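Asks: Note that the protein sequences, when read in sequence, are chains A and B.
Quick note, the first sequence lines up with residues 1 to 113 if you use our numbering.
Quick note, the second sequence lines up with residues 1001 to 1112 if you use our numbering.
Rather than coming from a laboratory, the hints here were simulated on the basis of the structure.
Keep in mind that this is a model prediction, so the values were computed, not measured.
For every residue, glycine included, the Cβ atom is placed at its ideal position computed from N, Cα and C.
Treat each hint with caution, since some may be false.
[To be verified] Part of the chain B face toward chain A, derived, beta carbon under 7 Å:
#1 Thr1040
#2 Pro1044
#3 Ala1046
#4 Leu1100
#5 Phe1102
#6 Gly1103
#7 Lys1104
#8 Val1110
[Unchecked claim] No farther apart than 30 Å at their CA atoms in a straight line, the calculated lysine-lysine pairs in the DSSO-like style are these:
#9 Lys1042(B) <-> Lys57(A)
#10 Lys1069(B) <-> Lys9(A)
#11 Lys71(A) <-> Lys1042(B)
#12 Lys1104(B) <-> Lys1058(B)
#13 Lys1078(B) <-> Lys14(A)
#14 Lys1069(B) <-> Lys1059(B)
#15 Lys1057(B) <-> Lys1042(B)
#16 Lys1078(B) <-> Lys1104(B)
#17 Lys1059(B) <-> Lys1078(B)
#18 Lys1057(B) <-> Lys1104(B)
#19 Lys1059(B) <-> Lys1104(B)
#20 Lys1069(B) <-> Lys1104(B)
#21 Lys14(A) <-> Lys1104(B)
#22 Lys1104(B) <-> Lys1042(B)
#23 Lys1057(B) <-> Lys1069(B)
#24 Lys9(A) <-> Lys1058(B)
#25 Lys57(A) <-> Lys71(A)
#26 Lys1078(B) <-> Lys57(A)
#27 Lys1078(B) <-> Lys1058(B)
#28 Lys1042(B) <-> Lys1058(B)
#29 Lys1069(B) <-> Lys1042(B)
#30 Lys1104(B) <-> Lys57(A)
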Amino acid sequence: NAGVTQTPKFQVLKTGQSMTLQCAQDMNHNSMYWYRQDPGMGLRLIYYSASEGTTDKGEVPNGYNVSRLNKREFSLRLESAAPSQTSVYFCATLLGVGQETQYFGPGTRLLVL
Amino acid sequence: ILNVEQSPQSLHVQEGDSTNFTCSFPSSNFYALHWYRWETAKSPEALFVMTLNGDEKKKGRISATLNTKEGYSYLYIKGSQPEDSATYLCAFLNQAGTALIFGKGTTLSVSS
Chain A
1 NAGVTQTPKF
11 QVLKTGQSMT
21 LQCAQDMNHN
31 SMYWYRQDPG
41 MGLRLIYYSA
51 SEGTTDKGEV
61 PNGYNVSRLN
71 KREFSLRLES
81 AAPSQTSVYF
91 CATLLGVGQE
101 TQYFGPGTRL
111 LVL
Chain B
1001 ILNVEQSPQS
1011 LHVQEGDSTN
1021 FTCSFPSSNF
1031 YALHWYRWET
1041 AKSPEALFVM
1051 TLNGDEKKKG
1061 RISATLNTKE
1071 GYSYLYIKGS
1081 QPEDSATYLC
1091 AFLNQAGTAL
1101 IFGKGTTLSV
1111 SS
């Protein structure tokens, strides 16, 4: 049981390059989330998927796209990376509505030059 | 998108001091309030999930209270230890149960 996994762990991009951050979970959770963490900003929600087949914008969706490929996988794509997207990206999952907690992946550190 | 506020932004205490932080959230459309502990270079770890007005939860020296009518939660740490140094995040879950919105956190530093 790996929980929530993210790949890659670290990536350096040049401005304008594209890449996809992968997230997978083996806990059979319904909801999946992408956050970015920046100094002094806490965790800001980029996109989320309440269930397979649905995605919704969070607080800071501009410059990103997502795909909920199936129940296990939720990917985040940067089509044309910008230095402002340098951040640590966390994927998280939630079983559904109820008294359960959110589980986080280990994070992906992205540096855009 | 809803606003979740935490105060203070940072806090420095001496070992043995007790301390508390505040999380403010929208009182309408409330479903749950989460507290997480986040150490540098690690992923956030869950502390509490609170859903009922007046709820109080405890985990060792850490406890939390919830007031959904006025939209706030307090996190208390009794007898702070250096290992309590971390950022404490609260997050609001709405009634649709879909979007978990985080505050910016309170960073606690405990000196020995």
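Asks: Hint by hint, say whether it matches the structure.
Replies: Verification of the hints:
Annotation: interface hint on threonine 1040(B) violated; nearest CB of chain A at approximately 11 Å, more than 7 Å. A least Cβ separation of about 5 Å between proline 1044(B) and chain A falls short of the 7 Å threshold, and the interface hint therefore holds. For the restraint placing alanine 1046(B) at the interface with chain A, the shortest Cβ-Cβ distance is roughly 3 Å, inside the 7 Å limit, so the hint holds. Satisfaction of the interface hint for leucine 1100(B) is found here, the shortest Cβ-Cβ separation to chain A being roughly 6 Å, below the 7 Å cut-off.
Of the supplied interface hints, the one on phenylalanine 1102(B) holds, with its beta-carbon coming within about 4 Å of a beta-carbon of chain A, less than 7 Å. Because the smallest distance between the Cβ of glycine 1103(B) and any Cβ of chain A comes to about 6 Å, under 7 Å, the interface hint for this residue holds. Annotation: lysine 1104(B) was flagged as interfacial toward chain A, and the flag holds, the nearest CB pair being 4 Å apart, inside 7 Å. Restraint check, valine 1110(B) versus chain A: the minimum CB separation of about 20 Å is more than 7 Å; hint violated.
With a C-alpha separation of about 25 Å, the suggested pair lysine 1042(B) and lysine 57(A) falls inside the 30 Å cut-off, and the hint holds. A threshold of 30 Å between alpha carbons decides the hint, and for lysine 1069(B) with lysine 9(A) the separation of about 41 Å lies outside it, so the pair is violated. Only pairs whose Cα atoms come within 30 Å are accepted, and lysine 71(A) paired with lysine 1042(B) is accepted, the gap being roughly 25 Å. Note on lysine 1104(B) and lysine 1058(B): the hinted pairing holds, with a Cα-Cα distance of about 23 Å set against a maximum of 30 Å.
Of the pairs offered as hints, the one joining lysine 1078(B) and lysine 14(A) is violated, with about 47 Å between alpha carbons and a cut-off of 30 Å exceeded. With a CA separation close to 24 Å, the supplied pair lysine 1069(B) and lysine 1059(B) stays within the 30 Å bound. In summary, the hint linking lysine 1057(B) to lysine 1042(B) is supported, as the alpha carbons are separated by about 24 Å, within the 30 Å threshold. At most 30 Å may separate the alpha-carbon atoms for a hinted pair to count; lysine 1078(B) and lysine 1104(B) meet this at roughly 22 Å.
Proposed proximity of lysine 1059(B) and lysine 1078(B) is supported: the alpha carbons are some 11 Å apart, at most 30 Å. For the suggested pair lysine 1057(B) and lysine 1104(B), the alpha carbons sit about 22 Å apart, so the restraint of at most 30 Å is met. About 22 Å separates the Cα atoms of lysine 1059(B) and lysine 1104(B), which keeps this hinted pair within 30 Å; it holds. Annotation: proposed proximity of lysine 1069(B) to lysine 1104(B) holds, straight-line Cα distance about 22 Å (limit 30 Å).
This hinted pair checks out: lysine 14(A) and lysine 1104(B) have alpha carbons roughly 29 Å apart, not beyond 30 Å. For a cut-off of 30 Å, the pair hint linking lysine 1104(B) to lysine 1042(B) stands: about 16 Å separates their Cα positions. A C-alpha spacing of about 18 Å is found between lysine 1057(B) and lysine 1069(B), which places the hinted pair at or below 30 Å, so the restraint holds. A C-alpha spacing of about 34 Å is found between lysine 9(A) and lysine 1058(B), which places the hinted pair above 30 Å, so the restraint is violated.
Taking the CA atoms of lysine 57(A) and lysine 71(A), the gap is near 18 Å; set against the 30 Å cutoff, the hint holds. Annotation: proposed proximity of lysine 1078(B) to lysine 57(A) is violated, straight-line Cα distance about 39 Å (limit 30 Å). At most 30 Å may separate the alpha-carbon atoms for a hinted pair to count; lysine 1078(B) and lysine 1058(B) meet this at roughly 11 Å. For a cut-off of 30 Å, the pair hint linking lysine 1042(B) to lysine 1058(B) stands: about 23 Å separates their Cα positions.
Between lysine 1069(B) and lysine 1042(B) the alpha-carbon distance is near 34 Å, which puts this suggested pair outside the 30 Å criterion. At most 30 Å may separate the alpha-carbon atoms for a hinted pair to count; lysine 1104(B) and lysine 57(A) meet this at roughly 19 Å.
The structure does not agree with the numbered hints 1, 8, 10, 13, 24, 26, 29 stated previously, though it agrees with the rest.
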